[in-house]
Amino acid sequence: MPHIFSIPSVTRRAGTVWYRNLVVFVRTWQVNFFPPLVEALLYLFAIGIGIGTYVQQIDGIPYINYIAPAILAIAVMNSGFFECTFGSFVRMYYQKTFDAMIATPLSIEDVIAGELLWGATRSVIYVLIMLPVLAVFGVVSLPLALLTIPLAFLGGLMFAGIAMGFTSVTPGIDTLNYPSFLFITPMALFSGTFFPLTLMPVFLQYFALAVLPLTHLVAIMRMLTLPSLSWTLLLHLAWIAVITAITCIISINLMRKRLIV
Amino acid sequence: MTAIIEAHDLKKNYNSTVAVDGIHFTVKKGEIFGFLGPNGAGKTTTMKMITCVSPRTSGSLTVLGMDPEEKPAEIKQSLGVVPQETNLDPDFTCFGNLFYYSRYFDIPKDEATRRADELLEFVQLTEKRDVSVDKLSGGMKRRLILARALVNRPDLLILDEPTIGLDPQARHLIWEKLRNLQAKGNTIVMTTHYLDEAARLCDRLVIMDNGKILVEGAPADLVRDHAGHEIVEVEGSDDVVTCLSELGVPFEKTGDMVQVAATTENAREVARTILERCRPERMITRPATLEDVFLKLTGRTLRE
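In the order they appear, the protein sequences are chains A and B. In terms of the working numbering, the first sequence is residues 1 to 261. In terms of the working numbering, the second sequence is residues 1 to 304.
Keep in mind the hints are simulated off the structure, nothing from the lab. All of these numbers come straight from a predicted model, not from anything done at the bench. One or more of the hints may lead you astray.
As the list claims (entries may be wrong) - Derived pair list, reagent style EDC-like, types lysine to aspartate or glutamate, alpha-carbon separation capped at 16 Å:
id, chain 1, residue 1, chain 2, residue 2
1, A, K96, B, E85
2, B, K29, B, E233
3, A, K96, B, D134
4, B, K177, B, E31
5, B, K296, B, E233
6, B, K28, B, E233
7, A, K96, B, D89
8, B, K184, B, D155
9, B, K11, B, E69
Could you build the full structure based on these sequences and the hints that come with them?
In structure tokens form, the structure reads like this:
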């Protein structure tokens, strides 16, 4: 019996699961493409221009430029996380889509891998829609900011993996609200998003760097959009890569444990 | 005849409960093979092991000549599965359900389109082609699931209660389609709670209870061997019961009726004797059915 750290054998059939989700997404594009657009504008006006009138600069950077990468990072987090918690849970539990899929040559590992890749893809789609809006407002600097697109995939995969871990152990759909408001919402506020980490007590800064995935994503996003590159980018990237690998592997194994009895 | 499925001492435990307790069976090519049994008998668990979804605890199992544990993808490539629970994809239309399901089998797009349309016609759902599956009636959904199980042109069809909750028209249509498929050389394994369905369709069947196979055989043989040919049913009043005991006729109480088993030869005589001596107000004689075998073997106690 495979344990939770064993490398799952995923085949290219995972692509058909990803494709299924893409088709459904594109078919309902009117409802799917609108939110990222509106969200970007809401943040820009409410926080960027609203609060930005009082907080004009942070570390010499215009406030709106400071939060632009945070808007992207939070969008990456939310789309990857919510797709693989509520979205995947609905498909698994209510629609029995996974049951139907594993009656075909697909294995449960393929199905979950497809779901994770799709979660990451949704993050990329979000960034693809938001980035032009931010660029039009001149708050991100092209062309380096284009690198946020591939970064969205990696970041999205990380949050998808974390999300799938919760989905694999949640007793019902309601309990998925706990990680949402105890983990995701605070993280959106305290990960160096709307104010620098350095404003927090030192131990909280270390805490954020050690266990809050968004901290690292925001840091890289900001280096790319301002731009202000630094070698620490590699450290953040390594942190994300390791956590992504671990969470994806564990969540696939836990889902196998949940669904294959 | 080639064996399509072979199980020897097949066992499945869920934690401490034994779901399937060392069963042996062989399904031959081209036959319709039935699994009957009360709820919790182990039928669905057996189906899940055959369809490579649930690993067995011990024993051996080969499906299409392969071990589900070693070659699940290869087996499932030639398997058509109709699950007990309707799990159509609510995000797609009827056509979409067949088309995107084909993708999981790596069927090329053109071929998938052709097959989807062909199968919609086969299950008489062509005019619902572009309708969302939420809008279908229960019978239509079951038919669509049957069509979905056929997209990969399977050699072996596994049906877990294919006609559950359907009206008589829809059941007859499904039966006709299944016979149709059998005529084309498909091997079909099915579970059902409808004993008339099993008697009509199955070439051979097993009756399971508590994870074990109680009997195996052709429906008609099972009826003859276990329930006799004719059943005489008499009202179960105290007078009649006392009278039957005095006559020394073996009988069984079933609710408010009393059943007496008889052979074709002595059925008339038994009926006449009871009629003359016990003077019951109500009495019928009827041919024995699979239901009599089933209830005799698995008892009349309600299962949860």
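Hints, verified against the model:
Restraint check for K96 of chain A and E85 of chain B: satisfied, since their Cα atoms lie roughly 9 Å apart, inside the 16 Å limit. A C-alpha spacing of about 40 Å is found between K29 of chain B and E233 of chain B, which places the hinted pair above 16 Å, so the restraint is violated. Of the pairs offered as hints, the one joining K96 of chain A and D134 of chain B holds, with about 14 Å between alpha carbons and a cut-off of 16 Å not exceeded. Proximity of K177 of chain B to E31 of chain B is assessed by CA-CA distance (about 14 Å); at most 16 Å being required, the pair is judged to hold.
With a C-alpha separation of about 15 Å, the suggested pairing of K296 of chain B with E233 of chain B holds against the 16 Å cut-off. A C-alpha spacing of about 38 Å is found between K28 of chain B and E233 of chain B, which places the hinted pair above 16 Å, so the restraint is violated. Of the pairs offered as hints, the one joining K96 of chain A and D89 of chain B holds, with about 8 Å between alpha carbons and a cut-off of 16 Å not exceeded. Of the supplied pair hints, the one linking K184 of chain B and D155 of chain B holds, its CA atoms being roughly 10 Å apart against a limit of 16 Å.
For the proposed pair K11 of chain B and E69 of chain B, the alpha carbon gap of about 14 Å is at most 16 Å, so the pair holds.
Hint violations for this structure: numbers 2, 6, all remaining hints satisfied.
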